[in-house]
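Colleague: Here is how the chains run, residue by residue.
There are 2 protein chains.
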Amino acid sequence: MSASVDRKFNDTPEKLVANTIRCLAADLTQEFKGGHPGTVMGAANIAIALWRFAMRYNPKNPDWLNRDRFVLSAGHACLMQYIQLHFTGYDAWTLDQLKTYHNPNFGMAAGHPEIEYPGCEVTTGPLGQGLANAVGMAIAAKNLAATYNKSDYELFNSTVWAFTGDGCLQEGVGQEALSMAGHLKLDNLIVIYDDNHITVDGNINITFTEDTCAKMAANGFHVIKIEDGTNDLGAIIHAFETAKTVKGKPVFIHIRTVIGYGSRKANTGAAHGTALGPDETKYTKSALGFDPEIKCVIPDEVYDYYRPVVKRGADDEAAWTTLFSQYADAFPAEHAELTQRLSGQLPADWRQQLPPKSDLPSAPQPTRKSSGIAVNALASKYNTFTAGSADLADSTFVSFKGQTDFQAPESGLGDYSGRQIRYGIREFAMVAAANGMAAFHKGLFIPICSTFFQFWIYAAPAARMSALQKLRIIGVGTHDCIGIGEDGPTHQPIALASLYRSLPNFNFVRPADAEEVMGAWELALDASDTPSLFAFSRQNVPLLEGSDRSKVKLGAYPIFSTSATAAPELVLIGTGSEVARAIDAAKLLSEKLGLVVRVVSMPSQAHFDRQPFEYRDEVLGSGKALVVGIEAWSSYGWARYAHASLSMHTFGCSAPQEKLFEIFGFGVENVAAKIEEWVGRRRSEDGKIVLPRLGEFEELLLGYAQLHH
Amino acid sequence: MSASVDRKFNDTPEKLVANTIRCLAADLTQEFKGGHPGTVMGAANIAIALWRFAMRYNPKNPDWLNRDRFVLSAGHACLMQYIQLHFTGYDAWTLDQLKTYHNPNFGMAAGHPEIEYPGCEVTTGPLGQGLANAVGMAIAAKNLAATYNKSDYELFNSTVWAFTGDGCLQEGVGQEALSMAGHLKLDNLIVIYDDNHITVDGNINITFTEDTCAKMAANGFHVIKIEDGTNDLGAIIHAFETAKTVKGKPVFIHIRTVIGYGSRKANTGAAHGTALGPDETKYTKSALGFDPEIKCVIPDEVYDYYRPVVKRGADDEAAWTTLFSQYADAFPAEHAELTQRLSGQLPADWRQQLPPKSDLPSAPQPTRKSSGIAVNALASKYNTFTAGSADLADSTFVSFKGQTDFQAPESGLGDYSGRQIRYGIREFAMVAAANGMAAFHKGLFIPICSTFFQFWIYAAPAARMSALQKLRIIGVGTHDCIGIGEDGPTHQPIALASLYRSLPNFNFVRPADAEEVMGAWELALDASDTPSLFAFSRQNVPLLEGSDRSKVKLGAYPIFSTSATAAPELVLIGTGSEVARAIDAAKLLSEKLGLVVRVVSMPSQAHFDRQPFEYRDEVLGSGKALVVGIEAWSSYGWARYAHASLSMHTFGCSAPQEKLFEIFGFGVENVAAKIEEWVGRRRSEDGKIVLPRLGEFEELLLGYAQLHH
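Going down the list, the sequences are from chains A and B.
At position 392 of the first sequence the residue is numbered 392 (UniProt numbering), and the sequence of numbers has no breaks.
At position 4 of the second sequence the residue is numbered 4 (UniProt numbering), and the sequence of numbers has no breaks.
Just chain A, same shape as in the assembly (with noise of 0.2 Å):
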């Protein structure tokens, strides 16, 4: 293949591996006619100086516990990063990988990075969420460092390097996240901002114009520009080494490249997003020395170039492993806890931290009151949890006994041996931080992220990104209806248990008591590849008879009848703080209706889904019952579990919660009075009921009509 480069114009090792890359980009992106060249071509340099130079790794164990992490948050310029990891000798991509990349016969080159293949720390694409991530592992390296190292040991000492471009320095979840780091003095973050100027609609000068160096240091950034980024290794090189030594505050380096350099669309929109064309790819190997008519040449000198990079590796995890067993003689107790995280299971004891039923306050409490049991219980236990919030953390009791912040020491507020994050009022950063947290190691952390649970619409694009991973993190959503009261319809979540519902691979729990709390715990900790939200109520709740722990995860199940023998004819199933309510008004229905009437609590549809039908039909009356949703939220969804819904049918309104409930129907004689008139509906003119059919499903419509608006 060498043959096929012109090596007089390539006369340097790092020019021919430069521009091998370049050539590479634009050949595989024009053989399916797809995907970014631009970036990968202009960054080449970039790349070099990370994966030959900067970072300590070990392509040959991709998972080596304290390798430095890569973070390509311009997840479009994959093809960059999957190049590298070819170069550097990980098995798993060989050239034919790299080929599958926009290829019908698809593999592990996905259009974006994905976090199931090796040297790929987290999936990227949304653009600003990579940035978080980073900053996630930067704090969980700090976190282990300050929890594990001791003096001549130091176990923890990772760099994690994040690769923007413009658009995740535009996206505000990217904002709130370099604000954090900054806050934080994160000096294990280095973000490599490679400014092409250039993004699908053009110029970069017509959306994005600020003093983006200026802006960094105002967040508390070390910032160091690079003015050739394009061309010259060396200063990139260099920075990347002063980057390293700074301390107290985290690095930006600000480097300016040329999009699609070497061919002539450089410089413009068109080298961002599409192949550069059959000619034009020509057109640009030939510019940079290859022979225009041979595809994905990569010489011999450019394996030879990377070759120390494999001994380099194997030598650091060979030193670092030696370290750990000597740690953990010295260290036992330490080691011991450390071995047991990272197997990715809590210690065998967890179960028994969480309070039996009868040990749970038997007055009524809210449900978030009731969790904050849990997490206080698991949190102070266990090094694997951090717990926090979105400047709420009392309002969630997302918190602890004995907890330290999270802090940088110096601050005086904490340090960062320290589990209770403060994150500040930025909802999207804290859950993708969470998300980088957990793909740090498999398990070694489970954050705990907590808000109201309408701000979680502000997270959801984050939350998605947990569950399409794998990525085991716990949300507590607080305030989750009407029943938060006054703060009105702005924080009065109507429509919101859709989206989490309808989530692949997503754990939405909303438990009726203190029990079923203790319930949706042990789902999300059983669950180690799942992400869960559990929904919580401001109001209080009783501890009803009925709830047990052990059938949460079966989604839904009978609490309550008044009949301890017969079969229900009709059934009301409730979530969260309405199933109370149902209980009541299943009392009064079946006084004035002489039906026998049956509670079931349903705090997870997607785990009664999940049931045999067998069970699902008999908790829903055998067919032979008539049944009615009760949620203080949108009827979207009931259809498939009742034959009617009394629910949410606008947006809430500003009012105290008790009032609140009246007004919007929810009150108990209001509920009975609607499900009795529905009840009567559905009687033949024999006095029997019959069942709807499909098509009937029936909104009950509530008291709304009182409300001036």
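Note that these hints are calculated values from the structure, not bench results.
Which copy is meant is left open, so a pair is good if it fits within one copy or across any two.
Pairs of lysine-lysine residues, derived as BS3-like cross-links and limited to a Cα-Cα distance of at most 27 Å, are as follows: (1) Lys381 with Lys470; (2) Lys381 with Lys150; (3) Lys99 with Lys659; (4) Lys659 with Lys33; (5) Lys587 with Lys551.
Let chain A serve as the given structure and place chain B on it in line with the hints.
Modeller: Relative to chain A, chain B alone:
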């Protein structure tokens, strides 16, 4: 009442007014034991400077077109605004209305400002969004000025004032908006930062230590600092006057205040989000020279102090009204267009701009491209429309012939008369800014916003606010399913539709072809109080013989049948790009099974739900047909319309789109085979079809098991 105030202590009118505000805030929150007193008390002088001095408005006509707009981005501080609306003489804002704050007899004094009420320009509360609303209003004002102002006829010159706390500056959407405002050089925007150092969780130094002023300067703002905003009214008034004279930059005014000033809880989180308590309320009132035992005292001098505002406002409006009538004579065409726009109605010929079906391209094309026909026809003709994208204008086809970019004139890239808005990669701020534009004056602007459908999850918190506020924005979400192909699962929406389908007052439409696209646009433009979001395909879809734009508003309608006369035995419901697949599958199934198969196109579930039962029942086969939904999204919500569904059960993956439809089971052969097998299982021993009952909804699992992950 006046006797109850210590005149020696309150020895100037300014001091008396400020302390009246503080005592009112303490009393009103204490009365029903809730709300946010602290900011109101700290920022009393900011409020005075705004409403008594800086802002131009007419309390007797809150809707005067050229008024300044005030946006309380820190919505929880609403009492500050309500009190001013009372003091300045807004008729509706009586003292009794003030007292409805947190009152079971609720009224206008909602927990956060609500757009329905006089003097409240937008509904705020979800932090950060108010800043973006204000940016949108500033864009609207600039655009109107550039479009209609003439020499000597400065019809539009209003200023937008945004009040923010720490929270809005931490939120990513706030940062997106501020970056955008700086780029656009919106010198009619003044952002007031009330820096009281306190959030819910305590001192701001636990989360937010960046150099905010330096950051704002980097964003392109002119920055002014005021050290003692708690007491130095003169400095605030001066800063506001200066701010109004700044040209070419928006202005950021950093004002240091003391939260809860006057109480012993000053400077603590305890003054933020709860009443001060009975004793502390009394103490505070005493300390401020008010009788602790008398509630809600407003000395007459306070009303006297504000009296000039009424005359000034009336004079300002009268002068403007005169100018406007002179404008009518001088510029009749512009006046007529503006008057038409102010009516909130598009000109009557808008519908004719959409080409009839016979003029639509007969060759298959993506629905996003078909939508481009409508965008181009409407936006190039009517100044009412702004068209914009989060850096994907060419992909979403939200652009139009002869467009000018909305840019600062000195940029050389456009000017403020432009209606093509370059939002940058800031989806959330895009939609929140669009809300501001739509709220500037009802119906004056119809902002069209666009990005890939998946990234409407970033913008969802703002789209929800569109619905809550009845603001008509039009959202375009393209690349709406696995049809996006190689970009992979991060870019493939699976579960997002559920959110938008369950949102009250929201038109979510997924058209099947170019004809239904026109119907979607008609539906959106017929609904003046409802926002819309369209999901469009990246890939080609054919123009369907049975498609009918007039039926889109019915939500669903039969689009194909294998028999012209016979009633259907099997109904397939498709949406968007899956309708054509359903028609092909219907033909195959009819051949194989000998059944009459109907295909229903269902562009909008919510509109279908609103039809009479008789219509819905007939469409779904009158209780005599098996019904299957076919949609490449989550099955969530389908049980209301179908007995089974072919859906996405997992996230997607990166591969070419046709490959993905095959892999995930939407290939026509596979669809037919799965349904055939299921229909077989629904037959009783005598061959008759037994319709499923509640709980028997089935998700027909597709070919995903073939995939390695």
